Every structure is written in structure tokens, then in C-alpha cells.
Amino acid sequence: MPRTSGRVGAHRAEQPGINGPIALLWSAAVALVLIVIGIFVSMVLMGRIDLFGTAEPAAPQTPGVLAEIDTSYQVLILNATPETGVVAQVRQKLIDQGWAADAVFGSDGSTTKFDQTTVFYVKKADESAALGVAEVLGGAKTERSDHYQSVSGDGSPQLTVVIGMDHVGTTSPAPGSGEKTPAG
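If you count by numbering that gives the first Met the number 0, then the sequence shown holds residues 0 to 183, one letter each, in order.
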């Protein structure tokens, strides 16, 4: 067999290895893994992640502000439900707890679709009294807001109760109101 060229084909084969796009994907994957590991290690060192947990018993929580029934506050009751007579029922509950009749007053609110009964207070110092009223009303929510400033104008402290839809049907009618509550 005659040879036409002096070369043998074995040395001309392609070099085995990884082509360009595959090498780029592997490099990106390795870089991503290293970044994630770096973030994890730095969070452990900063104390944001606790690997082994703590076996120490949790310290008992100190109570925040305690509810206090303070009848020196005036209470404005706003009915934000479509039901009538709710203000009289809530007013009577507060009077039964010791508020003076002339310190508890109310009317219908500007809306009839307020979801949750809320006791609003203006100053941080009023929070315990607001919690006391919320407790009397059966666990109403409390919220700090300067929207309901004292309407009396004499500077006496005031809390505002906005009766929500969660309160509908949960109270018995006020004496002499002639109103009936649904059974159930």
C-alpha cells in the first residue's frame, strides 16, 4: 500500500475535553455555590443563624402594659355597624363597671363596615386604661391614634370605642331598649 502523505491519522484527532458553553455553566455553578456558602458562613459569624440552638431555658417574658379599669376617663362610643342600639348596650356595660353616666357618651359612626371593635387611645400613658375598656368589652383590640382627640375640649382624658361587626349579636339588649337579640 502506497502512502500518499507521510502523516498517520492518529495524531490529528480532536483533543478530548469540555467545550466552551459547558465550561462556562460549570464555572457559574461553582461560583454560585461559593457565594451561598460565603453568605451562610458570614451570617453564622454575625449571629444571625444559630447552628446548634441554645439549651438555655427562655427567660420568662415580662408583662407589657397591664389592663386597668380607670373610670376617670371619658369614653366616646361610635357605632360602626348597621345594628341599632349597640351604643346603649356598650354604654351600659361601662356604667356597670363604674363609669359615671355623664362620662360615657356615643353616637353612630361615619361608617357601618368596621370589622373589629377597637378602643383607640391618644397617648402612650392611656394604653392601660384602653386595655381595661377592651377587657370590659370582651377582648376588643386597642390601637394608638391621634385621630380621636378629646371632644369635650376640657382636656380630660378620653378613650374612643369604635364598635365593629365582630360585636354584632354578642351583647344583650340594654335595659328598657326594647331591643331583642337573636337567640343562639
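These are calculated hints, taken from the structure and not from any lab test. Every value quoted in this text rests on a predicted model; they were computed, and no experiment measured them. Worth double-checking, as some hints may not be accurate.
Said to hold, decoys possible - With a straight-line cut-off of 25 Å between C-alpha atoms, the simulated DSS-like cross-links for lysine-lysine are:
id, residue 1, residue 2
1, Lys92, Lys140
2, Lys122, Lys140
3, Lys92, Lys112
4, Lys140, Lys112
As the list claims (entries may be wrong) - Label-pair ranges, simulated between beta-carbon atoms:
id, residue 1, residue 2, range
5, Ile34, Val64, 52 to 62 Å
6, Ser109, Gly37, 49 to 59 Å
7, Arg143, Ser26, 52 to 62 Å
8, Lys122, Val167, 28 to 38 Å
9, Asp114, Gly84, 43 to 53 Å
10, Val40, Arg143, 33 to 43 Å
11, Ser155, Phe51, 52 to 62 Å
12, Gly97, Arg47, 42 to 52 Å
13, His146, Leu65, 23 to 33 Å
Note that beta-carbon positions come from the ideal geometry of N, C-alpha and C, so glycine has one too.
Here is what the structure says about each hint:
Restraint check for Lys92 and Lys140: the C-alpha separation of about 17 Å stays at or below 25 Å, so the hint holds. Annotation: proposed proximity of Lys122 to Lys140 holds, straight-line Cα distance about 16 Å (limit 25 Å). Restraint check for Lys92 and Lys112: satisfied, since their Cα atoms lie roughly 23 Å apart, inside the 25 Å limit. The hinted pair formed by Lys140 and Lys112 meets the criterion: a straight-line CA distance of about 16 Å does not exceed 25 Å.
For the pair Ile34 and Val64, the beta carbons lie near 45 Å from each other, so the given range of 52 to 62 Å is not met. Roughly 56 Å separates the CB atoms of Ser109 and Gly37, a value that falls within the hinted 49 to 59 Å. One distance hint, 52 to 62 Å for the beta-carbon pair Arg143 and Ser26, holds here, with the actual separation near 55 Å. Roughly 30 Å separates the CB atoms of Lys122 and Val167, a value that falls within the hinted 28 to 38 Å.
Remark: the range hint 43 to 53 Å for Asp114 to Gly84 is contradicted by a beta-carbon distance near 20 Å. Hint check: Val40 to Arg143, Cβ distance near 42 Å, so the stated range 33 to 43 Å holds. Between Ser155 and Phe51 the beta carbon distance is about 56 Å. The supplied range of 52 to 62 Å therefore holds. Distance hint for Gly97 and Arg47: a CB-CB separation of about 50 Å, consistent with the stated range 42 to 52 Å.
At roughly 25 Å, the beta carbons of His146 and Leu65 sit within the given window of 23 to 33 Å.
Of the numbered hints stated above, those contradicted by the structure are hints 5 and 9, listed in ascending order.
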